[in-house]
Amino acid sequence: DAGVIQSPRHEVTEMGQEVTLRCKPISGHDYLFWYRQTMMRGLELLIYFNNNVPIDDSGMPEDRFSAKMPNASFSTLKIQPSEPRDSAVYFCASSWMTGVLGYTFGSGTRLTVV
Amino acid sequence: TQLLEQSPQFLSIQEGENLTVYCNSSSVFSSLQWYRQEPGEGPVLLVTVVTGGEVKKLKRLTFQFGDARKDSSLHITAAQPGDTGLYLCAGGAGNNRKLIWGLGTSLAVNP
Numbered sequence: 024d025a026g027v028i029q030s031p032r033h034e035v036t037e038m039g040q041e042v043t044l045r046c047k048p049i050s051g052h053d054y055l056f057w058y059r060q061t062m063m064r065g066l067e068l069l070i071y072f073n074n075n076v077p078i079d080d081s082g083m084p085e086d087r088f089s090a091k092m093p094n095a096s097f098s099t100l101k102i103q104p105s106e107p108r109d110s111a112v113y114f115c116a117s118s119w120m121t122g123v124l125g126y127t128f129g130s131g132t133r134l135t136v137v
Numbered sequence: 064t065q066l067l068e069q070s071p072q073f074l075s076i077q078e079g080e081n082l083t084v085y086c087n088s089s090s091v092f093s094s095l096q097w098y099r100q101e102p103g104e105g106p107v108l109l110v111t112v113v114t115g116g117e118v119k120k121l122k123r124l125t126f127q128f129g130d131a132r133k134d135s136s137l138h139i140t141a142a143q144p145g146d147t148g149l150y151l152c153a154g155g156a157g158n159n160r161k162l163i164w165g166l167g168t169s170l171a172v173n174p
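Sequence lines, in order, name chains S and V.
So the first sequence is numbered by my numbering: it starts at 24 and just counts up by one.
So the second sequence is numbered by my numbering: it starts at 64 and just counts up by one.
Keep in mind that the hints were calculated from the coordinates and are not lab data.
Among the hints, a few may not be true.
Here are some chain S residues pointing at chain V (derived, C-beta under 10 Å) [to be verified]: (1) GLY51; (2) TYR54; (3) TYR58; (4) ARG64; (5) GLY65; (6) LEU66; (7) LEU68; (8) ASN73; (9) ASN75; (10) ASP79; (11) CYS115; (12) PHE128.
Cβ coordinates follow ideal geometry from the N, Cα and C atoms, glycine included.
Chain S on its own, in the form it takes in the complex:
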């Protein structure tokens, strides 16, 4: 298994531009999570899906952030318009519903908004 695949690995964009981050979860996993990691705040859960349905988006900072999961093998996190304070590493993770909790994380997208 190739694991959770995220793209791009690095993204540098100008303030005000739209940014789209992509994630392919592990096949068979029915939960997908989007996290943001910064030095100051650590890992913050933005949103998670179960069977492609958004369950909890209370961590999404504001309306500039949106996430979709059109099918079991693909999810996007979009920021429009982007701001410098959005600079962080964004992780996607997936897991099975059964058994003890345990996430498999992707390698992350390092976003820099200048």
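For chain S, the structure is supplied; the task is to place chain V on it using the hints.
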């Protein structure tokens, strides 16, 4: 609000030394996980503990869940440079899939 506090925040030791890092909370968790994160990568799950007092061993790593399921510790014996990384603990409550994360302990093992 549930919080997980990890200590120490930073730790730099020599190869061969032993160390213990801690994960503490005032809340009860149904499970607690430990992850290791290397630079430029996502966290990787090391272990999950679910029973109060439970001890799990993974080679030179020993994980313990507190009797009251509010705290956990990670002990590394004879640390090696390959153990370098950010160690994160995360607590789960009930059937909620939202984990509560600590800020991590950044460990550097020097050759």
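Evaluation of the provided hints:
no.: 1; hint: GLY51; verdict: violated, 16 Å
no.: 2; hint: TYR54; verdict: holds, 6 Å
no.: 3; hint: TYR58; verdict: holds, 9 Å
no.: 4; hint: ARG64; verdict: holds, 8 Å
no.: 5; hint: GLY65; verdict: holds, 4 Å
no.: 6; hint: LEU66; verdict: holds, 4 Å
no.: 7; hint: LEU68; verdict: holds, 6 Å
no.: 8; hint: ASN73; verdict: holds, 8 Å
no.: 9; hint: ASN75; verdict: violated, 15 Å
no.: 10; hint: ASP79; verdict: holds, 7 Å
no.: 11; hint: CYS115; verdict: holds, 8 Å
no.: 12; hint: PHE128; verdict: holds, 3 Å
When each numbered hint is compared with the structure, violations occur for hints 1 and 9.
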